[in-house]
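J.: Protein sequence lines correspond, in order, to chains V and Z. Numbering of the first sequence is given in my numbering, commencing with residue 35 and proceeding in unit increments. Numbering of the second sequence is given in my numbering, commencing with residue 3 and proceeding in unit increments.
It is worth saying that the hints were derived from the structure and are not from the lab. These numbers come from a predicted model, not from an experiment. One or more of the hints may lead you astray.
Cβ-to-Cβ under 8 Å is the rule here; a few derived chain V residues that face chain Z [claimed, not checked]:
1. His38
2. Leu52
3. Ile80
4. Gly88
5. Tyr100
6. Asn102
7. Leu143
Examples of chain V residues lying across from chain Z (beta carbon under 10 Å, computed) [as the list claims (entries may be wrong)]:
8. Leu47
9. Leu110
10. Arg129
11. Val149
Derived Cβ-Cβ restraints for the label pairs, each shown as a range [as the list claims (entries may be wrong)]:
12. V:Asp140 to Z:Val120: 53 to 63 Å
13. Z:Val111 to V:Glu153: 56 to 66 Å
14. Z:Phe17 to V:Ala133: 22 to 32 Å
15. Z:Asp104 to V:Asp146: 49 to 59 Å
For each residue, glycine too, the CB sits at the ideal point set by N, CA and C.
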Amino acid sequence: MLAHFSNIITVFLMVAGLFIIIARGNLIKKLIGLSLFQTSVYLLYITPGKLIGGTAPIISPQYTVYSNPLPHVLILTAIVVGVATLALGLALAVRIREAYGSIEEDEILERDRGVEAEEAKEARS
Amino acid sequence: MAISVLAIVVTRNLFSVIVLSGAYSFLMATVLVALDAVDVAMTEAAVGAGISTVLLLGALHLCKSLEAKPAHKPWLPLAVSVATGALLVYGALGLPDFGDPDAPIHKNVVPRYMKNEVEVPNVVTAVLASFRGYDTLGETTVVFTAGAGVIALLRRRKQGSEKASGDA
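Please model the complete structure; the sequences and the hints are all you need to start from.
T.: What follows is the structure, given as structure tokens:
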């Protein structure tokens, strides 16, 4: 069990992010949940690359054991992409707030239903 | 770190949620240093704790800072999350042990990277720039697209508000 402790932490973070995304209606909170999920993926990639007694992968004559550099490279890319998607999501949230006056999912859906009902009434009359 | 995550889940004041997520990013950076991923930790501290927090605060400035009380009972999402978590833990038990030097991840292409063919002592930089340059090309494409999207969204907003003020 102890050998998989890091994986269990990763899964906990992932599930917390998933729960925030599903359960919370606020769009900004949802985006924070998404970035939480992303950080758990960073952990998922980085932990298998660690070697006990290893050091950071910078070649030096004093060390012989290094951790695996490949996941580090991949995650460096992933962090930057994550910020880009976060920025795009926040811009969308701001735009929704301008159009609907709210960033709560329930209120937005309610307003959409109200508009539909009004249109149906107009079509009938 | 788990405590700050739980606090993020529970807290409804979005400002404190954002500050908590910044603190969480710094803790994550510390964990990454402990896992020998110094380059990633630096990026996470600068980008995750810095730029993300600024972006979130900027968006919060334009929105309301208090989250509404959840309208639904959280049992269904909780059940889905716990089920997913159980499945993932079950899957994780089949992975190689932590710090196992014989894991497949250390066997295939990495020994060649560690031979330092491009004579840059920082292997992460060498791999990023020399072996996997296309990743960075794709990343740049994504960032460019996201930037263009943000500009398109926010510029339309400005025109709309100008039109609205013109109508008034």
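J.: With reference to the structure, classify each hint as holding or not holding.
T.: Outcome of the hint check:
Look at His38 of chain V: its Cβ gets to within about 6 Å of chain Z, closer than 8 Å, so that hint holds up. This hint holds: Leu52 of chain V has a C-beta 5 Å from the nearest C-beta of chain Z, less than the 8 Å allowed. This hint holds: Ile80 of chain V has a C-beta 5 Å from the nearest C-beta of chain Z, less than the 8 Å allowed. For Gly88 of chain V, the suggested interface contact is upheld, since its CB lies about 6 Å from the closest CB of chain Z, less than 8 Å.
For Tyr100 of chain V, the shortest C-beta to C-beta distance to chain Z is roughly 6 Å, which falls under 8 Å, so the interface hint holds. The criterion of a C-beta within 8 Å of any C-beta in chain Z is met by Asn102 of chain V, whose closest approach is roughly 5 Å, and the hint holds. Checking Leu143 of chain V against chain Z: minimum C-beta separation of about 10 Å lies over 8 Å; hint violated. Annotation: interface hint on Leu47 of chain V holds; nearest CB of chain Z at approximately 6 Å, less than 10 Å.
Taking 10 Å as the C-beta contact cut-off toward chain Z, the hint placing Leu110 of chain V at the interface holds, the least distance being around 6 Å. Taking 10 Å as the C-beta contact cut-off toward chain Z, the hint placing Arg129 of chain V at the interface holds, the least distance being around 5 Å. For Val149 of chain V, the interface hint is violated, the least distance from its beta-carbon to any beta-carbon of chain Z being 18 Å, above 10 Å. In this structure the hint that Asp140 of chain V and Val120 of chain Z lie 53 to 63 Å apart at CB holds, the actual value being about 55 Å.
For Val111 of chain Z and Glu153 of chain V, the hinted distance range of 56 to 66 Å is satisfied, since their beta carbons lie about 59 Å from each other. The given range of 22 to 32 Å is respected by Phe17 of chain Z and Ala133 of chain V, whose C-beta atoms sit roughly 24 Å from each other. For Asp104 of chain Z and Asp146 of chain V, the hinted distance range of 49 to 59 Å is satisfied, since their beta carbons lie about 56 Å from each other.
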